[in-house]
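2 protein chains.
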Amino acid sequence: MKGLMQDWPLLCHKIIDHAATYHGEREIVSRSVEGPMHRTNYRAIGNRARQVAKRLEKDGIAFGDRVATMAWNTWRHMEVWYGILGLGAVYHTLNPRLFPDQIAWIMNDAEDRLLFVDLTFLPVVEAVADKVASLEKVVVLTDAAHMPDTKIKNAVAYEEWVSEVDSDFAWRDFDETTAAGMCYTSGTTGDPKGVVYSHRSNVLHAMAAAQPDMLNLSSRDRMMPVVPFFHANGWSTAFVCPMVGSTMVLPGAGMDGESIYQILTEERVTMTAAVPTVWLMLLQHLEKVGGALPDLENVVIGGSACPRAITQAFQDKYGVNVIHAWGMTEMSPLGTLCSIKPDYAHLEGDDKLDLQAKQGHPPFTVEMKVTDDDNNALPWDGETFGRLKVRGPAISSSYYKGRGAEQFDEENWFDTGDVAHIDKHGYMEITDRAKDVIKSGGEWISSIELENLAVGHEDVAEAAVIGIAHPKWDERPLLVIVRKEGREPGKEDILGFMRDKIAKWWMPDDVAFVDEIPHTATGKIQKTVLRDQFKDFRFPDT
Amino acid sequence: MKGLMQDWPLLCHKIIDHAATYHGEREIVSRSVEGPMHRTNYRAIGNRARQVAKRLEKDGIAFGDRVATMAWNTWRHMEVWYGILGLGAVYHTLNPRLFPDQIAWIMNDAEDRLLFVDLTFLPVVEAVADKVASLEKVVVLTDAAHMPDTKIKNAVAYEEWVSEVDSDFAWRDFDETTAAGMCYTSGTTGDPKGVVYSHRSNVLHAMAAAQPDMLNLSSRDRMMPVVPFFHANGWSTAFVCPMVGSTMVLPGAGMDGESIYQILTEERVTMTAAVPTVWLMLLQHLEKVGGALPDLENVVIGGSACPRAITQAFQDKYGVNVIHAWGMTEMSPLGTLCSIKPDYAHLEGDDKLDLQAKQGHPPFTVEMKVTDDDNNALPWDGETFGRLKVRGPAISSSYYKGRGAEQFDEENWFDTGDVAHIDKHGYMEITDRAKDVIKSGGEWISSIELENLAVGHEDVAEAAVIGIAHPKWDERPLLVIVRKEGREPGKEDILGFMRDKIAKWWMPDDVAFVDEIPHTATGKIQKTVLRDQFKDFRFPDT
Ligand SMILES: Nc1ncnc2c1ncn2[C@@H]1O[C@H](COP(=O)(O)OP(=O)(O)OP(=O)(O)O)[C@@H](O)[C@H]1O
Ligand SMILES: Nc1ncnc2c1ncn2[C@@H]1O[C@H](COP(=O)(O)OP(=O)(O)OP(=O)(O)O)[C@@H](O)[C@H]1O
Ligand SMILES: [Mg+2]
Ligand SMILES: [Mg+2]
Chain A
285 MKGLMQDWPL LCHKIIDHAA TYHGEREIVS RSVEGPMHRT NYRAIGNRAR QVAKRLEKDG
345 IAFGDRVATM AWNTWRHMEV WYGILGLGAV YHTLNPRLFP DQIAWIMNDA EDRLLFVDLT
405 FLPVVEAVAD KVASLEKVVV LTDAAHMPDT KIKNAVAYEE WVSEVDSDFA WRDFDETTAA
465 GMCYTSGTTG DPKGVVYSHR SNVLHAMAAA QPDMLNLSSR DRMMPVVPFF HANGWSTAFV
525 CPMVGSTMVL PGAGMDGESI YQILTEERVT MTAAVPTVWL MLLQHLEKVG GALPDLENVV
585 IGGSACPRAI TQAFQDKYGV NVIHAWGMTE MSPLGTLCSI KPDYAHLEGD DKLDLQAKQG
645 HPPFTVEMKV TDDDNNALPW DGETFGRLKV RGPAISSSYY KGRGAEQFDE ENWFDTGDVA
705 HIDKHGYMEI TDRAKDVIKS GGEWISSIEL ENLAVGHEDV AEAAVIGIAH PKWDERPLLV
765 IVRKEGREPG KEDILGFMRD KIAKWWMPDD VAFVDEIPHT ATGKIQKTVL RDQFKDFRFP
825 DT
Chain B
285 MKGLMQDWPL LCHKIIDHAA TYHGEREIVS RSVEGPMHRT NYRAIGNRAR QVAKRLEKDG
345 IAFGDRVATM AWNTWRHMEV WYGILGLGAV YHTLNPRLFP DQIAWIMNDA EDRLLFVDLT
405 FLPVVEAVAD KVASLEKVVV LTDAAHMPDT KIKNAVAYEE WVSEVDSDFA WRDFDETTAA
465 GMCYTSGTTG DPKGVVYSHR SNVLHAMAAA QPDMLNLSSR DRMMPVVPFF HANGWSTAFV
525 CPMVGSTMVL PGAGMDGESI YQILTEERVT MTAAVPTVWL MLLQHLEKVG GALPDLENVV
585 IGGSACPRAI TQAFQDKYGV NVIHAWGMTE MSPLGTLCSI KPDYAHLEGD DKLDLQAKQG
645 HPPFTVEMKV TDDDNNALPW DGETFGRLKV RGPAISSSYY KGRGAEQFDE ENWFDTGDVA
705 HIDKHGYMEI TDRAKDVIKS GGEWISSIEL ENLAVGHEDV AEAAVIGIAH PKWDERPLLV
765 IVRKEGREPG KEDILGFMRD KIAKWWMPDD VAFVDEIPHT ATGKIQKTVL RDQFKDFRFP
825 DT
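Those protein sequences? They're chains A and B, same order as listed.
Here my numbering is used: the first residue of the first sequence is 285, the next is one more, and so on.
Here my numbering is used: the first residue of the second sequence is 285, the next is one more, and so on.
Just chain A, same shape as in the assembly (with noise of 0.2 Å):
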């Protein structure tokens, strides 16, 4: 016996139409690229995001074409986004921060035929542009009056361009399951690999995401994405903040602690979201000029693990509420928010800190399930950590051109590649990344915890800790330490600190001192170059 319901396909543009029709004057508040402030709608925006769409099928762009975008987040962006969607074509976010060479690659594998680009990133374009033989036009997000010279064939300027048709064009009606948009995980472990979000994922993602346990997002909240929509679906704000009505606020290029500063203060922001390293630099910022943040209320960190003293300066010293987040490129991508349970509302001072430390707890449509490397479900005691596995209908259920299948399996579960334990209530806890994990005498040594730890020394800046082969254990961990400016701690200085705080054998063997340690191009610490860099170095006793 079947329901009588409507067959009402979940299509990602009805957010923009929702959004246009009850939150019409709801503000999307932008620093545009060119420098001055700009000010649109969400009614504005839906018209906008139709002509878009209308100017695209005259250049020939159709049902299932992918088209990319380089772009900070703006209101340009947002326009360009709903465009793409209410066409049927394929929106792929393409981050700017990686090698030409993997941009040209990735381009070349979606095959994108057009791409939005951001003045910031001309540079990169004309670098890549004659790489991509799919390639037939460059738009650049700024109007006739900022439109540079360029060696780029083909290139127009994106007011000049959209003006040629009129918001009149009726959204196409499709599948829900059709794809949606393209976005290519950070390549922290290895070369980027293609996700393919579908219509269906994004809005039920967006629906999960907005529940009070989860962003709790209302139209009464002004939200800034400070993460950008090219990272990991742009963790999704592009269609919970229209869902719900939020006023949006887009840092366009400001990602530096003064302009973030700037913009959370003039804009009343009351909620955020980044990865950590963002907030380091907001929070270094406020310490030098003395700042505070009366209107936000919530701050969003994900990506990487959040270091407690953020956690801790964001809650005491600025009154702003820290929820830590959990998620993947292959999870749409959020998968756990630490918000606060009544199981754990009697938790104060460090007991607080502890738990806010772990990644939290899934929304439905997200189950979660740790093993052994037998797959065999390991207990949620909130210490035996395994292998972490997934499943939900806005999660992976391969990558593009059917790469990684090994981390699928016939019942759905997808393997993160993370390394966790769950406990009694549900909330999850990573404790490495299964590459990253130290392997010491066939037990496990946890690399995020002897980090999270080190970072708490005072003088310490950033910290990463490796596995390096010993003869008689496998592998034993190398603490590496890039010291704070002006501060000169020795390895006994550390290693002192962190002794009677773990177990003996988690001691590392070493220290090294570096000057920088290597990033990825979302600011997540790149263990695959920093193996490279030691994998001649020995432990002084072997």
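Keep in mind the hints are simulated off the structure, nothing from the lab.
Since this is a predicted model, take the numbers as computed values, not measurements.
Any given hint could be a false lead.
Identical chains blur together in the list; that is why a pair holds if it fits in one copy or across any two.
DSSO-like mimics (lysine-lysine), calculated; alpha carbons at most 27 Å apart, straight line [to be verified]:
1) K286 <-> K421
2) K808 <-> K719
3) K785 <-> K708
4) K338 <-> K286
5) K601 <-> K785
6) K342 <-> K286
7) K286 <-> K685
8) K342 <-> K437
9) K785 <-> K756
10) K338 <-> K653
11) K415 <-> K342
12) K572 <-> K768
13) K435 <-> K342
14) K685 <-> K808
We have chain A already, so just place chain B with the ligands on it with the hints.
Leaving out everything else, chain B with the ligands in the frame of chain A:
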């Protein structure tokens, strides 16, 4: 091009799994029908639901079979509900307050094979069981100790019945468009019509309903649905609460003001939901005993227009925020909620109450329009009223057995039968039912507006307005009044109070005083019956 995301069907029983896993120890507190309070949690409910499914299967209940419930809101109702769902059978909630003949007709129409019934309603079932040929077994929701003698064939006590099996049962897997539940409309305007929910529609509806601008339910809420599970899909509380992990407080058979007050206070309920008549009873009780509501934060009021006096009393006297809601059995049921968007955040006092008298704005997944009789869309000016039509994934595409086909058009718009206007910010206000609107000289007069005005008079307990045939104007309004106990207002007292507050031609032509106004089983004014009572009425001068 297809997305590469998992095929994870939206199935209702995944909701109870999520609750059992991530909110396992969250309580479900019920006033049992036998008397004492009963406490359980989501983990236990999840297990017992599997036991119910396994036991149903032993009785031969299979995929697609209809299984009825005639029960109060208690933990047992929850277990049974999910047990039915997880087997792929179809829950069918029966309204015990309907006439026995109506109940028998509905059960025959649905071909219910098994019925779960609360002790309270055994007499009702005794009156109908023989008339329902498909009915094979009646499970009385109690234990052997409380099992009464009954003449019903094949009646068994629930606890003994279910204990014959263990909870080792694997949920069935099937397409998300499979029928999940049935509920017949309240029968206000004619015979009840069968609505068939799918798993998909229930899940999507719950996801939309949880959002901050809708029910705003989190794991920290203690939610008490006073609205019975059998009224319009229980306003979906049986899905939303476990989805987000709210504590559930279930009032069982205690629906009077005193019982509601007691459980609200003792269980520190933070949010509750019911029709206006329930709240009238509570407010009267509070007044009598000088009560307070320190824990209650929000009360959802819907099913009929919420009188301004109720909103005012909750907010001003008791500090409880009122959320006016509009829904229909056909909409799963939530259509709009009147949360306050930034566009109206400046309103205070009477202006705010005016806004809250509106039924509100819809979540993403509900589309609305108002049209004239020729299906032309009318402007959203907050004045021009017309037929309210809706569209969405949790809205009926047809009634059971194809009844009422004229309410559905080719573009999937469902004609609600309500008359409404919508303002520029998307706030909808019901002005009447299409069948109740008074057609005077080619223009429409809203019966609801006249009723709302009349009950504002201090001597009026209840008011209903119906159209009476008029030789010159086609129809003119007659105001039917129930006086408050001990009060004796005359016709002119009431008309004088109304005059100047509405257009002159809207003024009722006469007032009739009665002892009682007829109500439906869900507490709505039954205008069909009222019109019948006044079918021989003529206005003095006609
Ligand atoms: N809050 C967090 N704490 C710890 N790790 C996190 C957190 N959030 C995200 N991560 C890490 O980021 C990963 C997802 O990142 P992303 O999808 O951007 O690509 P990547 O895994 O870094 O790159 P690639 O898959 O190409 O190697 C997670 O699998 C996890 O390892
Ligand atoms: N907040 C509200 N204000 C005014 N009317 C409301 C409100 N909420 C619900 N209603 C009315 O209730 C109707 C839905 O009720 P329900 O589905 O229980 O059946 P019914 O319409 O009363 O009965 P039937 O369809 O069988 O005649 C709506 O169409 C509307 O007329
Ligand atoms: Mg990865
Ligand atoms: Mg109806």
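So, going through the hints one by one against the coordinates:
1. K286 <-> K421: Between. Shortest inter-copy distance 24 Å satisfies the 27 Å Cα cut-off; intra-copy 47 Å does not.
2. K808 <-> K719: Within one copy only: 14 Å inside a chain, 64 Å across chains, cut-off 27 Å.
3. K785 <-> K708: The answer is within: 24 Å in one copy meets 27 Å, while 61 Å across copies does not.
4. K338 <-> K286: between (38 Å within a copy, 22 Å between copies)
5. K601 <-> K785: Answer is within: at 26 Å inside a copy they meet the 27 Å cutoff, but 55 Å across does not.
6. K342 <-> K286: between (41 Å within a copy, 23 Å between copies)
7. K286 <-> K685: Classified as between: cross-chain Cα gap 12 Å, same-chain 35 Å, threshold 27 Å.
8. K342 <-> K437: within (18 Å within a copy, 72 Å between copies)
9. K785 <-> K756: The answer is within: 25 Å in one copy meets 27 Å, while 92 Å across copies does not.
10. K338 <-> K653: between (45 Å within a copy, 25 Å between copies)
11. K415 <-> K342: within (25 Å within a copy, 66 Å between copies)
12. K572 <-> K768: Only inside one copy: K572 and K768 sit 16 Å apart there, 68 Å across copies, limit 27 Å.
13. K435 <-> K342: within (24 Å within a copy, 75 Å between copies)
14. K685 <-> K808: Only inside one copy: K685 and K808 sit 26 Å apart there, 58 Å across copies, limit 27 Å.
The structure meets every hint from the earlier list without exception.
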